[in-house]
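Assembly of the complex is requested from the two constituent chains, each provided in isolation within its own frame, with the hints serving as guidance.
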Amino acid sequence: MTIRRNIVVAASAAAALALALTGCSSGGGGAASADGDTGSVEGKEICYITAANSHPYVTPANEGAQAAADAAGVKLTIVSEEFSPQTGAEQLDSCVARGVDGILLWPLDDNSYLPGLLKAEQEGIPVVAIDTTTGEDSMALIESFVGADKYDQGKISAQQLEKALGGEGGVVIIAGQAGNGTEIARTGGFMDELEASGSKLEVLATVNADFDQQKALVASRDLLTKFGDQIKGVYAEDDTMAKGFQQALAESGLGITPFIIGINGEKGAFESIKAGTQYSTIIQPPFRNGELAIETLIAVMQGETVDEMVPLENTVVDASNVDENEPAM
Amino acid sequence: MRQLDLRTAGRAAVRYRLLVLLVLVAIFGSITIGDFFSVDTLQSVLNRATVVGFLALGLTPVLIAGQIDLSIGSILSMAGITTIALQPVIGNIPAALAGLGVGVLIGAINAAIVVIFKISSLVATLATLLIFASLALLLTDSQPVSSPDPIFGIPLTGDLLAVFTPRSAMFVAAAILMFIWLRFTPSGRNLYAVGSNAAAAKSAGIRSNAYIVTTFLISGLFAGAAGVLQSLSTATGSPVAGAVMLIPAITAVVIGGTRLEGGRGSSLATLGGVVALGALTMMFEFNGVPAYTQAIYTGVLLIVLITLDRLVSDDGRPTSRTLRRARVEPPTPRGIQEEA
Chain A
1 MTIRRNIVVA
11 ASAAAALALA
21 LTGCSSGGGG
31 AASADGDTGS
41 VEGKEICYIT
51 AANSHPYVTP
61 ANEGAQAAAD
71 AAGVKLTIVS
81 EEFSPQTGAE
91 QLDSCVARGV
101 DGILLWPLDD
111 NSYLPGLLKA
121 EQEGIPVVAI
131 DTTTGEDSMA
141 LIESFVGADK
151 YDQGKISAQQ
161 LEKALGGEGG
171 VVIIAGQAGN
181 GTEIARTGGF
191 MDELEASGSK
201 LEVLATVNAD
211 FDQQKALVAS
221 RDLLTKFGDQ
231 IKGVYAEDDT
241 MAKGFQQALA
251 ESGLGITPFI
261 IGINGEKGAF
271 ESIKAGTQYS
281 TIIQPPFRNG
291 ELAIETLIAV
301 MQGETVDEMV
311 PLENTVVDAS
321 NVDENEPAM
Chain B
1 MRQLDLRTAG
11 RAAVRYRLLV
21 LLVLVAIFGS
31 ITIGDFFSVD
41 TLQSVLNRAT
51 VVGFLALGLT
61 PVLIAGQIDL
71 SIGSILSMAG
81 ITTIALQPVI
91 GNIPAALAGL
101 GVGVLIGAIN
111 AAIVVIFKIS
121 SLVATLATLL
131 IFASLALLLT
141 DSQPVSSPDP
151 IFGIPLTGDL
161 LAVFTPRSAM
171 FVAAAILMFI
181 WLRFTPSGRN
191 LYAVGSNAAA
201 AKSAGIRSNA
211 YIVTTFLISG
221 LFAGAAGVLQ
231 SLSTATGSPV
241 AGAVMLIPAI
251 TAVVIGGTRL
261 EGGRGSSLAT
271 LGGVVALGAL
281 TMMFEFNGVP
291 AYTQAIYTGV
301 LLIVLITLDR
311 LVSDDGRPTS
321 RTLRRARVEP
331 PTPRGIQEEA
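In order, the protein sequence lines correspond to chains A and B.
Be aware that the first sequence starts at 1, since it is given in this note's numbering, and climbs by one per residue.
Be aware that the second sequence starts at 1, since it is given in this note's numbering, and climbs by one per residue.
The hints are simulated quantities; they were obtained by calculation from the structure and are not laboratory data.
There are no misleading hints in this set.
Not close to chain B: a few residues of chain A, all C-beta gaps over 10 Å, as computed:
| id | residue |
| --- | --- |
| 1 | D149 |
| 2 | G188 |
| 3 | G253 |
| 4 | K267 |
| 5 | D318 |
Listed next, the stretches of chain A that the computed footprint assigns to chain B, with coverage defined by at least 3 CB atoms under 8 Å from CB atoms of chain B:
| id | stretch |
| --- | --- |
| 6 | 74-82 |
| 7 | 95-107 |
All values reported here derive from a predicted model rather than from experimental measurement.
Glycine included, each C-beta is placed from N, C-alpha and C at the ideal position.
Bound-form chain B, shown alone (with noise of 0.2 Å):
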């Protein structure tokens, strides 16, 4: 009983630290700034958070699975470029639609090289990375491609219920709709036991392989919407957009508590990470402090923040680690190799 009052507790914590680091944010951000604690900031805040937190959601389930995704910047330019690109030839709607399907036409061929070819994620995706960064500057002849139609996307940034802007609510549905699959749902629950342990998983009738294509496929998809809503709010398909957003996607997600070694994580964590992540950056902004020094923050809270995880987690609940340390099992470090 006490175990299970720690463990609460514990959870607690670990959701709590997001919500104190937004409460201060919002109390410095007040001290500091005029006028800083509104709706409007809020709706700023969740807007401009959508792009890096559709790459971070979707980066999500890959890292529960124990396997990494870099490609994402790539494929977000991918994406962008394709739907400005296509929106003359085919009409905004399919043109938004091709850039989604590029999204998970790359998933699916990140999906492929770890699961045919057995190469580690992380070595599979930075290739990716490299071939599809190079190939949107080939295709763009290094050029941002301008929208024939700058006007369509606009409403995408919109008020939308006070709070929201039209694509802000959809990464915010998009968080809450992948909550509930990880949670709720057995074939979500199962994406953890993949992540913790795939060569258990697999002896438990679970089959790791089609979970780790699933991520792949999810990743590429929400990439492909980061790119095809930046791309159409900003009425242009920038062939290198992607290339600086890998890290902001990875910093959100490692804030929100998602472990890199796989097993644990949650997407409404990500969400606050994100949102964390992006009301820190628009206070430090309106303090006038450097683009620089900012990463330096950053990179501080980042390590706080996962030690506090650490703390609060390791004697609650059981970590993938603990759990791997107790099975009897012959290391295995990703256990995709295992796979005959």
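Just chain A, same shape as in the assembly (with noise of 0.2 Å):
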């Protein structure tokens, strides 16, 4: 195992000579030397098996990630998941083989990384998950979560909810991709508020659409169809769904005004609040997640204990602060 790690460090170094050879390290000029002070990141290689190129709340997140990779002097190599947790663990395999320094992974189901988290244990290789928990034999393996505590924000939610409505009423759920982790949690804090509260409102249906507008748009004309003005509340896993629950219910004609909650503080989510048509969100900041999670990577490479869990902060926005927040988004 020694020798392996020998090879890889070996390897790494070769690496960052031939860059420094080639005159395309990102490290920036200074370059105050890397010998002296041991914990040094400078010239390290970090995998980023992140969960997609484009999207609202990926894309800062991971300009994020490059940014605080950029300023630790880090390389930085950013693989897309494409949304598909198979893709994500087939990248872990391949991160793991190319023998980098540290791997931050968006996790999008509970399983599916296990295989490739082994082996990075038995490479040395550290492993800090960003935005997502997965499963517990898989978080055992990994050093540290960083981002959002998701179950919590499924319980604001249904505290929300519950204010907006005086406490009864219908209400319809418009969740994540099943079986995401972000989704079990933000559906799982909702009902278990619900429960523990002892409230009265009625769950009518929970939809997944995929924290896509479009699927949203498409989910929210059957349910507006089906259950018309018997929905008073609509939770929406996060503000893109939410969105596109507003598009249905615009073209639905119906003349109704459920309160809409959405999660991650988006630009969109801010105008709506302040146009009346949705009710809150939940800033959940997206640049600062990346930043953390490879801050929180770096200091692990660097030998330090980091803890299980870093949150990122809630923040509730409505209509009286509204004014007050910046979109995170």
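Spelled out as structure tokens, the structure:
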């Protein structure tokens, strides 16, 4: 194992040298010599397996990760799962095979990454999870999780709907991708809170719209046709899907005004809250999420001990404070 | 004699273009990515190519026979969830066999629709694609099924003889076996005749329908194998795993030079296509090329390679189309309708 590590170290040193020779190191000019202080990670390589290249939340998180990597002089390779955990599992394998120094993983389901995580452990490559948690066995192999407490967001959303509806009425849940950690946490937190508080809100239906506005639009048309004015509240597990429901509502011509709750703090949601078509959202800053994740991973690579969970703050935004806050994306 | 030389040169060039591509990827990868050209990378490329590879291999005889199987992605999903769901009930190995069985069963359904009801394979397998994609979601309530024994499948992606993993070795072995069948056995060669002109093949005493049924069974079995391997090595049976797999599989087969019109193709060429595409993808990834941009390059590459294929092969050896043109036969596009 040690021999193997040495090869990896030698290889990455060679890679760093090659980079330095070709002059494409992104480390910046200063380069306070790496030899002296033991903790320097300059020239090391991190593999970031992200959920997607192009997505309202994921893209700024990727930018944050890149910014933090640039600041630390670390080479960051971003590969995209395109929301397929099977692809991600294979990419994790490739990253381990390449012998990088650290891996930042955006998990999309509970089990798929387990073999890759075991290999990473064998090779001594630290892994940090960003945004979404994964299964228990897998989390045991992950150094730290950096992201918002999604379960808490679900609970907060339930409380918001309680408040808005005055404690009774039919609600529909427009959930994310089935089986996705975020979806499980946001639905779970919501349902648990309703139960724990003995709420009289009645969940009419739960549909999966995969965090996609178009899918939410289609699903919402069906919901509006089926339940019509029974819908007093809408819990959309992100703002893009809340937008989809609003579109469907507008084109339905039903003339009802259910309270719509979203999550993520998108710009569009802020506008909707100002216009009165959305009740609230929860800010979860993606750029900061990416930044914090890389900073945490670098701390691990430097041999520091980090917390199992590094949370992002959840801020509720509604009509009362929408002017004081900036959209997260 | 000169004709023969041209033909050999032509064939060599057709095979060469995939190697050229691989060499280009290796060179460009080594320049742009430190430590790219290594045994580890090769192992990783082969390992990642396995799942698409099994789909593509299974598709190859179907295309040679002039048919198509669009349902392979759905078969993959069904086989995957079957394997994982049955693991706690009947044990790991029987569950894997059950996964393969589901693949063969769906292949048999495809074959029955095409041969008995005489529905074009494009339509028949489009229907089964839709049916089994939905069934997979229904059976699992849209949730991925987690394996109770996640450790069992891990050795599948472990080290084997430096460049292989156990599952990629299975893939390469399957490609070689299929090559031997297609190239060196009478039944393999007859398949090309069926794909070139089913009616003519029939009048030459070849039972076209039996061959077409066989290809769908093979395709089902291989897609089943892809599903079993993928689900075991990720310890998850995902109902949507196959939804994104059809296009890469078809791309790999076609890049390999197998023709959608039937009558031409080779499993080794498919192997080459899969590996070339896999190496290209990995090089793109580690150069930070976004996934949506990669698809543009792949599309362009597809056109370039197929054009090269036409240029090289059309003046050399007769293709199915020139063969068909040469015969004085009433034009029967697929020939299957001719079967009584």
